[in-house]
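Undergrad: Chains as they are written, first to last, in the working numbering: chain A, 32 to 303; chain B, 8 to 280.
Simulated from the structure, these hints should not be mistaken for lab results. Be a bit skeptical, because a hint or two may be false.
To be verified - Computed footprint of chain A on chain B, listed as stretches where at least three residues anywhere in the stretch have a Cβ under 8 Å from a Cβ of chain A: (1) 162-175; (2) 269-277.
Said to hold, decoys possible - Negatives, chain A to chain B, calculated, CB over 10 Å: (3) Asp50; (4) Ala57; (5) Thr275; (6) Ile285.
Claimed, not checked - Under 10 Å between C-beta atoms, here's a sample of chain B residues computed to sit facing chain A: (7) Asn178; (8) Ile179; (9) Gly180; (10) Leu181; (11) Ser182; (12) Ser185; (13) Ala189; (14) Leu190; (15) Pro193; (16) Ala194; (17) Leu196.
Glycine is no exception: its CB is placed at the ideal position from the N, C-alpha and C atoms.
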Amino acid sequence: MPAEGRAPAAPAKAALDVDRVSLRYATEAGIVTAVEDVSFTVRTGERLVLLGPSGCGKSTLLRAVGGFLKPASGEIRLGGAPVAAPGPDRMVVFQEFDQLLPWRTVSGNIAFALRRARGLSRAEAREVALDWAGRVGLGKFADAFPHTLSGGMKQRVAIARAFAVQPAILLMDEPFAALDALSRRRMQDELLGLCEETGATCLVVTHAIDEALHVGTRTLVMSPHPGRIAAEYDVPEVARRRGTPQFAALEAEIQARLFGGPRAAAEEVVDV
Amino acid sequence: MSDGTLPVSAATSPARPMSLSPRARQAVILVALAAIWEIYARWLGNSLLLPTFFETLTALWTATLNGELPDRTLASLSVLLSGYAIGIVLAAAITALAVLNRWGESLLSLLTSMFNPLPAIALLPIALLWFGIGASSVIFVIVHAVLWPLALACHAGFRAVPPTLRMAGRNIGLSGPSYVFALLVPAALPSILSGLRLGWAFAWRTLIAAEMVFGASARSGGLGWFIFTNRAQLETANVFAGLLAVILIGLAVEIFVFATLTRLTVQRWGMEG
Ligand SMILES: Nc1ncnc2c1ncn2[C@@H]1O[C@H](COP(=O)(O)OP(=O)(O)O)[C@@H](O)[C@H]1O
Ligand SMILES: [Mg+2]
Numbered sequence: 032m033p034a035e036g037r038a039p040a041a042p043a044k045a046a047l048d049v050d051r052v053s054l055r056y057a058t059e060a061g062i063v064t065a066v067e068d069v070s071f072t073v074r075t076g077e078r079l080v081l082l083g084p085s086g087c088g089k090s091t092l093l094r095a096v097g098g099f100l101k102p103a104s105g106e107i108r109l110g111g112a113p114v115a116a117p118g119p120d121r122m123v124v125f126q127e128f129d130q131l132l133p134w135r136t137v138s139g140n141i142a143f144a145l146r147r148a149r150g151l152s153r154a155e156a157r158e159v160a161l162d163w164a165g166r167v168g169l170g171k172f173a174d175a176f177p178h179t180l181s182g183g184m185k186q187r188v189a190i191a192r193a194f195a196v197q198p199a200i201l202l203m204d205e206p207f208a209a210l211d212a213l214s215r216r217r218m219q220d221e222l223l224g225l226c227e228e229t230g231a232t233c234l235v236v237t238h239a240i241d242e243a244l245h246v247g248t249r250t251l252v253m254s255p256h257p258g259r260i261a262a263e264y265d266v267p268e269v270a271r272r273r274g275t276p277q278f279a280a281l282e283a284e285i286q287a288r289l290f291g292g293p294r295a296a297a298e299e300v301v302d303v
Numbered sequence: 008m009s010d011g012t013l014p015v016s017a018a019t020s021p022a023r024p025m026s027l028s029p030r031a032r033q034a035v036i037l038v039a040l041a042a043i044w045e046i047y048a049r050w051l052g053n054s055l056l057l058p059t060f061f062e063t064l065t066a067l068w069t070a071t072l073n074g075e076l077p078d079r080t081l082a083s084l085s086v087l088l089s090g091y092a093i094g095i096v097l098a099a100a101i102t103a104l105a106v107l108n109r110w111g112e113s114l115l116s117l118l119t120s121m122f123n124p125l126p127a128i129a130l131l132p133i134a135l136l137w138f139g140i141g142a143s144s145v146i147f148v149i150v151h152a153v154l155w156p157l158a159l160a161c162h163a164g165f166r167a168v169p170p171t172l173r174m175a176g177r178n179i180g181l182s183g184p185s186y187v188f189a190l191l192v193p194a195a196l197p198s199i200l201s202g203l204r205l206g207w208a209f210a211w212r213t214l215i216a217a218e219m220v221f222g223a224s225a226r227s228g229g230l231g232w233f234i235f236t237n238r239a240q241l242e243t244a245n246v247f248a249g250l251l252a253v254i255l256i257g258l259a260v261e262i263f264v265f266a267t268l269t270r271l272t273v274q275r276w277g278m279e280g
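Kindly generate the complete structure, drawing on both the sequences and the hints.
TA: Structure below.
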């Protein structure tokens with residue numbers, strides 16, 4: 032068993048600082064500002080959610096934290112040190128299913144990441160990989176190639192790979208957005224279970240209010256064009272459980288904020 | 008085998024009344040073609056123009072037993088493999104240049120658009136001028152036949168690697184050579200394999216064509232030369248035997264090398280486009 036049974040840290044130390052960051056793309060039509068002057072902090076053990084409609088710069092922001100994109104201005108710091116390049120201290124779970132290496136099996140994908148990122152030996156990596164495959168319910172599929180798996184199973188592998196590497200922070204870009212509603216709910220619960228078990232620090236991006244409330248401990252609502260932080264909600268324990276009045280109240284409040292008027296709670300607020 | 012259209016089998020699998028595997032269907036077609044050939048050649052009765060199928064097989068058998076055909080085949084294959092190997096190395100180098108650098112990319116697309124439409128065999132006169140009559144000239148031409156289609160396929164394969172997969176690779180710490188060999192190359196393998204296949208076919212054709220142009224070095228001549236000299240001596244059955252040998256070798260490489268490679272890699276990984 033990997034030794035990562037850390038309890039959520041008591042002192043709220045900053046794991047990640049996003050400090051007045053602006054992100055731009057150079058396109059043929061000119062410079063596009065995707066994210067403008069955004070600042071926030073993710074504390075150790077916290078699960079921060081970035082919630083907002085499609086196109087408000089959530090993926091861009093996450094890519095910058097991942098080190099794939101340089102800020103036009105501002106700074107991103109991980110544990111105090113500026114982020115310069117991608118690295119396994121910030122494991123990313125992407126929305127797309129093609130994030131797994133098709134030529135490696137389920138356990139092979141996890142084990143390869145462990146060898147590259149944590150320098151484990153082949154044997155150690157395989158052992159930890161098998162353990163993680165089992166923890167996301169894919170013990171029987173450890174030797175299957177990704178193309179034989181369903182979308183949900185592929186996302187489980189990506190999640191297992193990210194957790195196994197034990198990054199300082201886990202970055203997730205709408206990991207369940209391409210799944211059907213039933214799988215999505217189940218995967219949210221499983222993810223929550225893993226987070227609570229490991230005490231992982233997470234930065235999660237989503238466009239679904241119920242997912243934000245259920246999965247996160249704190250939610251930042253973003254507004255588009257350019258992407259900015261519009262509001263912040265601390266989500267108390269009781270408001271994270273579906274079906275509680277607190278959950279419904281907070282959902283309605285965020286809904287109202289996003290659309291400027293109350294509306295019946297829907298599964299998803301913003302569709303593309 | 009041939010009358011598999013029994014009503015019984017049609018009733019059990021109405022969707023496919025003739026349930027033969029693709030391989031079996033091809034075998035049936037092959038036998039039919041040989042039969043047509045045999046019948047037509049017998050009806051024609053002129054073995055100078057068209058030997059029968061069995062005459063060709065006999066000629067193939069004789070030329071194999073007396074060692075001539077194996078010698079010619081070996082001569083051809085050794086030249087072919089040299090050219091193919093050099094072509095692969097050069098294609099790898101130029102693709103690497105194109106992946107690393109914008110100028111390299113422009114160079115590759117310019118050179119491929121120039122040389123790809125040019126049949127490699129058209130370079131033979133220049134090769135003869137530069138290298139004289141001999142294996143080097145043929146190798147030069149084969150390198151051209153392999154290099155451009157292979158470099159083009161590899162480059163297209165690298166460019167088509169999905170951005171998410173690239174990011175996932177860099178995320179776990181792949182960079183530089185490990186990024187290329189542990190991520191880009193396997194991800195582009197379907198394209199690389201089809202480039203290798205195409206390169207092989209081009210090289211093989213070019214070789215046979217080039218060998219027919221050669222008159223002097225008969226002693227070390229390959230299969231093309233075998234075909235050419237037998238035509239000059241009106242040994243038409245041998246000409247057909249030589250052609251058959253060319254086809255059989257091509258098929259053998261396709262089945263035993265490329266099909267096996269594909270099955271063990273991209274097919275197993277579900278990466279076939
Ligand atoms: N590679 C890119 N090149 C140019 N513009 C981009 C690129 N990726 C995203 N954008 C633009 O940046 C903005 C934010 O996009 P994105 O971060 O993908 O939003 P979200 O993930 O919230 O849906 C959008 O207006 C989008 O058009
Ligand atoms: Mg997005």
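Undergrad: For each hint, tell me whether it holds in the structure or not.
TA: Against the structure, the hints come out as follows:
For a cut-off of 8 Å, the count of residues in the segment 162-175 of chain B with a CB near a CB of chain A stands at 5, and the three-residue condition holds. Using a Cβ-Cβ cut-off of 8 Å, 4 residues of the segment 269-277 of chain B lie near chain A, which meets the minimum of three, so the contact claim holds. Remark: the non-interface label on Asp50 (chain A) is consistent with the geometry, its nearest Cβ contact in chain B lying 22 Å away (cut-off 10 Å). With a closest Cβ-Cβ approach of about 15 Å to chain B, Ala57 (chain A) is found to remain outside the 10 Å limit, as its non-interface label requires.
Residue-level check passed: Thr275 (chain A) sits 36 Å from the nearest beta carbon of chain B, beyond 10 Å. The beta carbon of Ile285 (chain A) is kept farther than 10 Å from every beta carbon of chain B, the shortest such distance being approximately 29 Å. Given the 10 Å rule on beta carbons, the hint for Asn178 (chain B) holds: about 5 Å separates it from the nearest Cβ of chain A. With a cut of 10 Å, the hint placing Ile179 (chain B) at the interface with chain A holds, because the nearest CB-to-CB distance is about 4 Å.
Proximity of Gly180 (chain B) to chain A holds as hinted, the smallest CB-CB distance being about 5 Å (cut-off 10 Å). Annotation: Leu181 (chain B) was flagged as interfacial toward chain A, and the flag holds, the nearest CB pair being 6 Å apart, inside 10 Å. At about 8 Å, the closest approach between the beta carbon of Ser182 (chain B) and any beta carbon in chain A falls short of 10 Å, and the interface hint on this residue holds. For the restraint placing Ser185 (chain B) at the interface with chain A, the shortest Cβ-Cβ distance is roughly 8 Å, inside the 10 Å limit, so the hint holds.
About 8 Å separates the beta-carbon of Ala189 (chain B) from the nearest beta-carbon of chain A, less than 10 Å, and the hint is met. Hint on Leu190 (chain B) holds. Least Cβ distance to chain A is approximately 7 Å, under the 10 Å limit. Restraint check, Pro193 (chain B) versus chain A: the minimum CB separation of about 5 Å is within 10 Å; hint holds. For Ala194 (chain B), the interface hint holds, since its Cβ comes within 10 Å of a Cβ in chain A; the closest pair sits about 8 Å apart.
Restraint check, Leu196 (chain B) versus chain A: the minimum CB separation of about 8 Å is within 10 Å; hint holds.
Checked against the numbered hints above, the structure violates none of them.
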